[in-house]
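**Student:** Listed below are the residues making up each chain.
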Amino acid sequence: MQQDVRVGPPALLDDYRPHPGVYDECVDERGQLRPHWRPFVERFAALAPPARNDLERLVRRRLQAAGVAFNVYAQPDDERASWDLDLWPTILSVDDWAALERAVVQRVRLLEATLTDLYGRQGLLRQKVLPPALVFGNRDFLYPCSQWQDLPVPFLVNYACDVARDADGRWVVLADQVDAPTGQGWVLASRLALGQAMGPLFLEAGVRRLTAHLNRLGEALRAGGEEAGQTVLLSRGPEDPSYFSHAFLARSLGLPVVEAADLTQRGGRIFLKTLEGLQPVGVVFRKRAARELDPLHLPGFGGRGTAGLVDAARLGNVRVINALGTGVLQSRTIGPFAERLCRHLLDADPLIADAPVRWLGDPDQRTATLQDPSWSLSPMTARHDPGARGAAELDNDGSPAVTQLLAREGHGWVAEQPVTLGTVPCWRGGRLEPVPWAMRLFACVSADGVHLLPAALGRLSSTAASAGLPSGAGSKDVWIAAPPDQPPLAALLSQRMASTTLQRGERDLLSGTAEALFWLGRYTERMDSTLRMLRAVLARLLEAGTAAETAQLLLHLVRLHLDEEPEGDTTLARLGHAVATLLHAEDCVDGLAGCLQGIQRNAILARGVLSLDSWNALNALRTDGRWRQSWRSALSQPPVELVDDALRMLVAFSGTAAEHMTRNDAWRFLDLGKRLERALQVAELVSRGLRTPPGVDRDGALSALLEIGDSYMTYRARYASLPMAVPVVDLLLLDETNPRGLVFQVERLEATLAELPHEGPYRSPAQRSVLGLLTRLRKLDARDLVNDEGKAEPLATEAQAVRTALEAASDQLGRAYFLLAETPTTTLSARRASAP
Amino acid sequence: MIYTIRHFTKYSYAAPVALSQHLLHLEPRTSFRQRVHAQALVIDPPPAWSDRRQDPFGNPARAITIDREHRRLTIDSRATVEVATEAAPDPVATAPWETVVDACVRGSAAGSLGAARFAFPSPFTRADDAVERFARESFVPGRPALAAALDLNHRIFTEFAFDPAATTVATPVADVLVQRRGVCQDFAHLMIAALRALGLPARYVSGYLLTHPPAGQERLVGADVSHAWVSLWLPGDGWVDLDPTNDVIPGDGHVTLAWGRDYGDVSPIVGVVFGGGDQELDVAVDVVPTPSSAEAPT
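Top to bottom, those sequences are chains G and A. Going by this note's numbering, the first residue of the first sequence is number 15, and it counts up by one from there. Going by this note's numbering, the first residue of the second sequence is number 52, and it counts up by one from there.
Rather than coming from a laboratory, the hints here were simulated on the basis of the structure. A virtual CB, placed ideally from N, CA and C, is assigned to each residue, including glycine. Honestly, I wouldn't trust all of these hints.
Using C-beta positions, here's what the derived DEER-type ranges look like [claimed, not checked]:
| no. | chain 1 | residue 1 | chain 2 | residue 2 | range |
| --- | --- | --- | --- | --- | --- |
| 1 | A | H205 | G | P294 | 54 to 64 Å |
| 2 | G | G330 | A | A135 | 16 to 26 Å |
| 3 | A | F59 | G | R677 | 25 to 35 Å |
| 4 | A | E149 | G | S107 | 17 to 27 Å |
| 5 | G | G330 | A | E210 | 18 to 28 Å |
| 6 | A | R57 | G | R677 | 53 to 63 Å |
| 7 | G | G268 | A | T131 | 48 to 58 Å |
| 8 | G | R140 | A | A65 | 44 to 54 Å |
| 9 | G | V167 | A | R57 | 54 to 64 Å |
| 10 | G | P387 | A | D333 | 51 to 61 Å |
| 11 | A | P264 | G | P294 | 51 to 61 Å |
| 12 | A | D333 | G | E306 | 49 to 59 Å |
| 13 | G | Q643 | A | D333 | 34 to 44 Å |
| 14 | G | R705 | A | A65 | 45 to 55 Å |
Reference excerpt, derived from the structure (chain G facing chain A, CB under 10 Å, subset only) [to be verified]:
| no. | residue |
| --- | --- |
| 15 | R140 |
| 16 | A382 |
| 17 | Y726 |
| 18 | R730 |
| 19 | R732 |
| 20 | Y733 |
| 21 | S735 |
Partial list, derived from the structure: chain A residues whose beta carbon lies under 8 Å from chain G [stated by the list, open to error]:
| no. | residue |
| --- | --- |
| 22 | P107 |
| 23 | T116 |
| 24 | D118 |
| 25 | V152 |
| 26 | V156 |
| 27 | A160 |
| 28 | R168 |
| 29 | A170 |
| 30 | F171 |
| 31 | V321 |
Construct the entire structure; sequences and hints are all you get.
**Tutor:** Here it is as C-alpha cells:
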C-alpha cells in the first residue's frame, strides 16, 4: 500500500482531469502519473503553496530582467509583446526523445537531398517526383543561387521542425523551418530563467543540459568559414519580432549581431564595417529570409540587403547559413510530398507523419478541397513564428473569388486540417489545467551528423486543434529526461550566457553603432535645448500670466525653435499653437516628438555599448505615458512637470554616460554629437534671440536667453547687474570657461576629433573645419558683434559661420566614419521607352 | 542583318559617390536567330572588381564594384550582332492554348521543364482577377494558342496609349491595365502577367529595336532605344516572340540582349550606390545596320 501512495499522482494532480480521449503528457489514460514526470512532480508537490507562488513571481522577474519580448520598441506594460512562460515545464521521456531524434535526423537528410537536387540537376522535376510548379512558382526558389559550379555543402546547418503530439499520442510534423529558423534564443532565455528560479527543483529533476549542443552549433557554424574571417549573426534589427531571440542566441554563441547595412561586399568578399576599417567575414549566420538579402541579384523584395552577397557566396568566399535558397522548402512545401520523396531519395518510409496537408497546385486536390470546408487554406510558406503577425488566410467558403484565385495561384497555397493537440499541465492561478500544446525542435548539422537541441520551444494553444505552431496562450520550457548515464551536471548553461544584457558584439565598434551614438548625442542635446526653452516659457506663463507683453516675449522665445510661423489670430493663440507643435509635431526639427523618435531609434541601435543605467534613463524618458497625452490646451494646463521630469531624465542620461562609459570611441561619438548640437543650439539661441521684434521686452529676452543657456547664475555672480547684450554674448558665446558656452563646445569637439582613429600625418578634414572655427571665434570681441542699441548684424554673420563650419564638420565626420553605414540607393537603368 | 550597336549610359551625381556596385546585362546573348560577332564594354572610372558569368537564364552578365570616389559613371557598350528572321508557325495551326498549359504542367513535351520556369508570376508580373479576365477575352476555350496570343498582342497595341509619363518602374501591371497607358516594358509585363495567369509560359525579352528615320531624313545618332517584348512557348515550335508595343512578331529588326522572368532578372544596369545625392541619367542607343546589309527589305 505504501508503494501505491508514491506511484499514484500526488495530491497536486488530484483535480487534474485531461480531456477524455486526448493524449496528455503528464498523466496516462488511467489517471496515473507518467513515470518520467515523477522526480519533478514530487519535488514540486513538496513545496508549500506560498513557495509555489514565489517561484512563479521569480520566473517572471527573471524574464523581465532578461528583457524577453517580441518587440523591443514595445511599452514595458504591453502584454501582447511580453513573453509568457508557464511555470511548469513539459517533460519528455527518454523513449519519446529517441523517436523524435531519429525522425528529425531523417527529415534533415530528406530536406538536404531535396535542396541539393533542386539547386543542381533537378532530377526530382525531370522524374516527376515533384511538380515543377512547386518550385518555379515559389518566390523563395532563388534562380541566382541555382546551377552553381560548387553548390553549398550542406545547405542546412540550422533546422527547426514544428511538431505536435496529436490526440492519439502520435507525433506529427506541422511545418519545416528551413529558411532562417527562429526561436532558439527564446528557448535558452526561458531555460535560464526557469532553471535559475527553480534551483534544486530543476537540478534534481534529471534533465538534459544544453551547453554541449550550443558548443556543437557554434563549431558547425564556424566550420569551413573561420579561416576566411569572423562569424556574424545577421538580423533584420530591433523591428523584427524575433530580435530578442536572435540577439540572445548570438550572445550565447559569442557572435556579433549585425544588420545588412553593417556588411559590405568588396571584390567578391564580405566585410564588416567597423570604425577601424573593414574586417573580413567568413560566415553569415542569417536570421532573415534569403530573398531580402541582395538587392542586386534578388531585386523586387524591398532592396535592403548587402549588394553582391550572392556573388560572394557563389564564389565560395563567404558561407551563408542556412545556404541562400533553402527557403524554397519552408513550412509546408514538402509536407504533401514527404512520403514520396522519402521513398525516392532515401529508400525508406518516413519516421514521422506530416499533419494532414494538400498542395493546391494540383487541380484534383484543389477540387476536392474546395468541396470540403473541413480543410483550411493557408499560404504554403506561412511561418507561425512567435510574436509575428499571422499570414493572410483564405476562407474555404467555395466562393468563385477563392476558386479563381486558387486556380491561378494555387501553387503557393496548401490546405490543412487542424490537428487535435495533446495536452500538458499548465500552472494557472495556483492549480493545474490541461492545455493543448505543440513545439518547435531545433537541430544542427555538423561534420559528424545531425544533432537535436535537447529542449524545445513549447507553445500553448487556446484552441483544441491547430494547423500550425500555436500562438497566443504562452510558452513552455521543454525538458528532456536524461538517460540514467548522463554525466555529472555541468553548469546550467555556459558561463558567457549568464549575462542578460544584449550586445552587438564586443570587437571593433561598428560604423553603424558609431553613427547611432553620434545621433543619439545630437537628439538628446536638441531635446534638452527645446525643453529648457519650454521650461523658461512655461515658468513665465505661470508667474506672469498671459499679459500681452509677456505673451509677445514668450512667442519670441518659442519661435526660436520653429521653422514655420505658428497659426492663430491672437498672440496667445499663436503661442498655444507653437507650444503644441513643439510637443506633438513629428516633422518639427526641434520638436519633442521628433527628438524622442530619434532618441528611441538610435538608443536601440546603440544599446549594446550603453551602460545599463544610461539605457534605463532613456527608456524611462521614451516610455513616459504622458508623451501620449494631448497637450492641445498647453497654455491652460501647461505640462510643467513633464518638461521638468524629461529634463531630469536627460541630465541623468548625460550623467551616467559621463560617469560610466569608458573613454573609448563609443563615448567619443556620443560626446561629439552632444557638443556639436549644443554649439549649434547656443549660437542660434543668441543670434536669433537677440533679434527681438518690436514690442518684445528686451531685458526680459536677455534674462530668458541666459536662463535657457543655463548661464544665469554665472552671469549674476560675474556682473551683478541686469543683463546687457554685450556681456550676455560674451558669456554665452565667447567665454572659454563657460561649460555651456559656444567656444567651450568647439574646443571639446576639436580635442575629441583629434583622438579618433585617423590615417595620415595631417589633421582630418572635420578637425580642420572645427579648428578653423575655433580660431575665428577666439579672435572675436563681443563689443564688435552687438551693442545695446540693437546692432546685431555682425553677430548674425558669425552665427552663420558657426553653422557652416559645424555642418561641414558633421558631413566630413560622416564621410570619414559613417558613409559606409548609410543607406544605399538602388538605381535602375533607364526604362525602355520605345516609341510605337 | 548585321548591326553595330552602341549603348551608352552616363550617371551624373550631385554629390560624390564613395562606392557603387552594379550588375550589368549589356552583352547581347546568342540565340537560335542571333549570333554575336564582337562585343566590348568600357567603364569609367574603371571597376576595382569585375566578374563575368552566365546568369541562371543563360545570359552573359557582369558584376562590377567601383570603390574610388566619383561624381560621374559612364558605361559604354558596343557590339556587332547578326540577326535572322525565323518563320513563325501558322497561328491557326498551333495547338489549342489549353494543351500548352497542360504540356507545361505535366511536363509532357520536350523542353517543357525549361518552359515551366516562365509559367508563374514573378515580382513584376503579379496578376489579379482583372488581368486574368483581360487575358480570357483573347484566350477563349479551344482557340489555337498563337492565334489567341496575337489577338492579345493586337489588343494591347490598339487599346493602350504609349505614354512615358504615365508609369514608373514600380507601377504594377494591374494599374497599367486600369489606366491603359505605359511604355513597352509595361506592355510586355502586362502581356506576360496575362499569359501566366492562364498558366502559359512566357518570358521577358530585353533588347533593341531598329528604328527607321522618317523618309528623306538622316538617322539621328543616339535616337534609338532600348526595347522589351514577350516570348511565348509552344510545344513543338519552341519560343515565339511577340511585340505588343508594335503589334508584330519580331524579326531581324529586333536585337535580343537577354531574357528572364521579368525586367528584374535582366535589367541592363542595376546598381546600388552609396552617397551621390540626386542623380541624372543619360542614355543613348544606336542600332546601325552595317553597309553590307543596309538595304532593308521594304
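**Student:** Taking the hints in turn, state whether each one holds.
**Tutor:** A quick look at each hint next to the structure:
1. A/H205 / G/P294: 54 to 64 Å: Holds - the Cβ-Cβ distance for A/H205 and G/P294, about 57 Å, lies within 54 to 64 Å.
2. G/G330 / A/A135: 16 to 26 Å: violated, 40 Å
3. A/F59 / G/R677: 25 to 35 Å: The hint (25 to 35 Å, Cβ to Cβ) is violated, given that A/F59 and G/R677 are roughly 54 Å apart.
4. A/E149 / G/S107: 17 to 27 Å: Because 56 Å falls outside the window, the suggested range is violated.
5. G/G330 / A/E210: 18 to 28 Å: violated, 51 Å
6. A/R57 / G/R677: 53 to 63 Å: Once the Cβ atoms are compared, 59 Å apart, the range 53 to 63 Å for G/R677 and A/R57 holds.
7. G/G268 / A/T131: 48 to 58 Å: With Cβ atoms ~57 Å apart, the hint holds.
8. G/R140 / A/A65: 44 to 54 Å: This hint holds: roughly 53 Å between Cβ atoms.
9. G/V167 / A/R57: 54 to 64 Å: violated, 44 Å
10. G/P387 / A/D333: 51 to 61 Å: 59 Å Cβ-Cβ, so the 51 to 61 Å window holds.
11. A/P264 / G/P294: 51 to 61 Å: The hint (51 to 61 Å, Cβ to Cβ) holds, given that A/P264 and G/P294 are roughly 55 Å apart.
12. A/D333 / G/E306: 49 to 59 Å: Since A/D333 and G/E306 have Cβ atoms about 32 Å apart, the given range 49 to 59 Å is violated.
13. G/Q643 / A/D333: 34 to 44 Å: Given about 54 Å between the Cβ atoms, the range is violated.
14. G/R705 / A/A65: 45 to 55 Å: Violated - the Cβ-Cβ distance for G/R705 and A/A65, about 33 Å, lies outside 45 to 55 Å.
15. R140: holds, 6 Å
16. A382: Given a least distance of 17 Å, the restraint on G/A382 is violated.
17. Y726: violated, 43 Å
18. R730: Result: violated, 48 Å to nearest chain A Cβ.
19. R732: violated, 46 Å
20. Y733: Hint on G/Y733: violated, closest Cβ of chain A at ~47 Å, above 10 Å.
21. S735: At about 50 Å, which exceeds the 10 Å cut-off, the nearest Cβ of chain A leaves the hint on G/S735 violated.
22. P107: holds, 4 Å
23. T116: holds, 6 Å
24. D118: Result: holds, 7 Å to nearest chain G Cβ.
25. V152: violated, 11 Å
26. V156: OK, holds: A/V156 within 8 Å of chain G, min 7 Å.
27. A160: Check failed: Cβ of A/A160 comes no nearer than 13 Å to chain G, outside 8 Å.
28. R168: At 5 Å from the nearest chain G Cβ, A/R168 passes the 8 Å test, so the hint holds.
29. A170: Holds: closest Cβ of chain G sits about 7 Å from A/A170, inside 8 Å.
30. F171: holds, 4 Å
31. V321: This hint holds: A/V321 lies near chain G, its Cβ roughly 6 Å from the closest one there, short of 8 Å.
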